[in-house]
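Novice: Sequence:
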Amino acid sequence: IFEQLTNVQQSQAQFDPNGFWSIGYARDLTPRQMAILRELYLLRDQLAQAYDLPPFKVLSNETLVQLAQKAPNRPSQLSAVSGLSDWLIAENGKAILEAIAAGQRADLPQRPEQAPQDMNVLARYNALREWRKKRAMTRGVESDVIVPREALRAMAENPPRSFEELANVPGLGAWRRAQYGAEILEVLASVPPQEDRSA
-12 IFEQLTNVQQ SQAQFDPNGF WSIGYARDLT PRQMAILREL YLLRDQLAQA
38 YDLPPFKVLS NETLVQLAQK APNRPSQLSA VSGLSDWLIA ENGKAILEAI
88 AAGQRADLPQ RPEQAPQDMN VLARYNALRE WRKKRAMTRG VESDVIVPRE
138 ALRAMAENPP RSFEELANVP GLGAWRRAQY GAEILEVLAS VPPQEDRSA
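In this text, residue positions in the sequence shown follow the working numbering: the first is -12, and each later residue adds one.
For the record, the hints were derived by calculation from the structure and aren't laboratory data. None of these values were measured; they are calculated from a predicted model. There may be inaccurate statements among the hints.
Derived pair list, reagent style DSSO-like, types lysine-lysine, alpha-carbon separation capped at 27 Å [stated by the list, open to error]: (1) K57 to K44; (2) K44 to K81; (3) K81 to K57.
Put together the whole structure using the sequences plus the hints.
Specialist: In structure tokens:
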């Protein structure tokens, strides 16, 4: 348990308030919906810290985007959003509605300038994607069935080094960890450090 809490605290220490821009499901949102998403994203981090849980276990990215799109303004409308449990609505429904209302009033967010891509992150992502492609071909399924793209991105940016750290990767449930965890760790360990050629 201590190890899990340590992993959660490390994850929260690296919280990026602009991270909502990289949520894959958010590509088609309007600027106003992005403002709502930002408020919900910040709220999710606060709840994650309060509950000592990884943010994705409080509210998934998909649920955040649904909330931003539907923008419910009454408690009764929250139950129509998939991924919101009755318990979460009872405990935090008011805070969720307040975050949505704040997003409706807030200034529209400006996308931050993109930093040069980290070559190490790119190398890890490409290695994981190639592994996933081969695994999918072997099983005769779509690549996302093996591991979702968001999980690949998360592991490329913050590579797990143990099965315990794999448990903090969004979209990588117990079954996927049992099936592919050892292979994923092996792939990540095999990627050599990349030289920065941009200089």
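Novice: State for each hint whether it applies.
Specialist: Each hint, compared with the structure:
Proximity of K57 to K44 is assessed by CA-CA distance (about 21 Å); at most 27 Å being required, the pair is judged to hold. Distance check on the hinted pair: K44 and K81 sit about 19 Å apart at the alpha-carbon level, within 27 Å; holds. Of the supplied pair hints, the one linking K81 and K57 holds, its CA atoms being roughly 16 Å apart against a limit of 27 Å.
Hint compliance for this structure: every hint is met.
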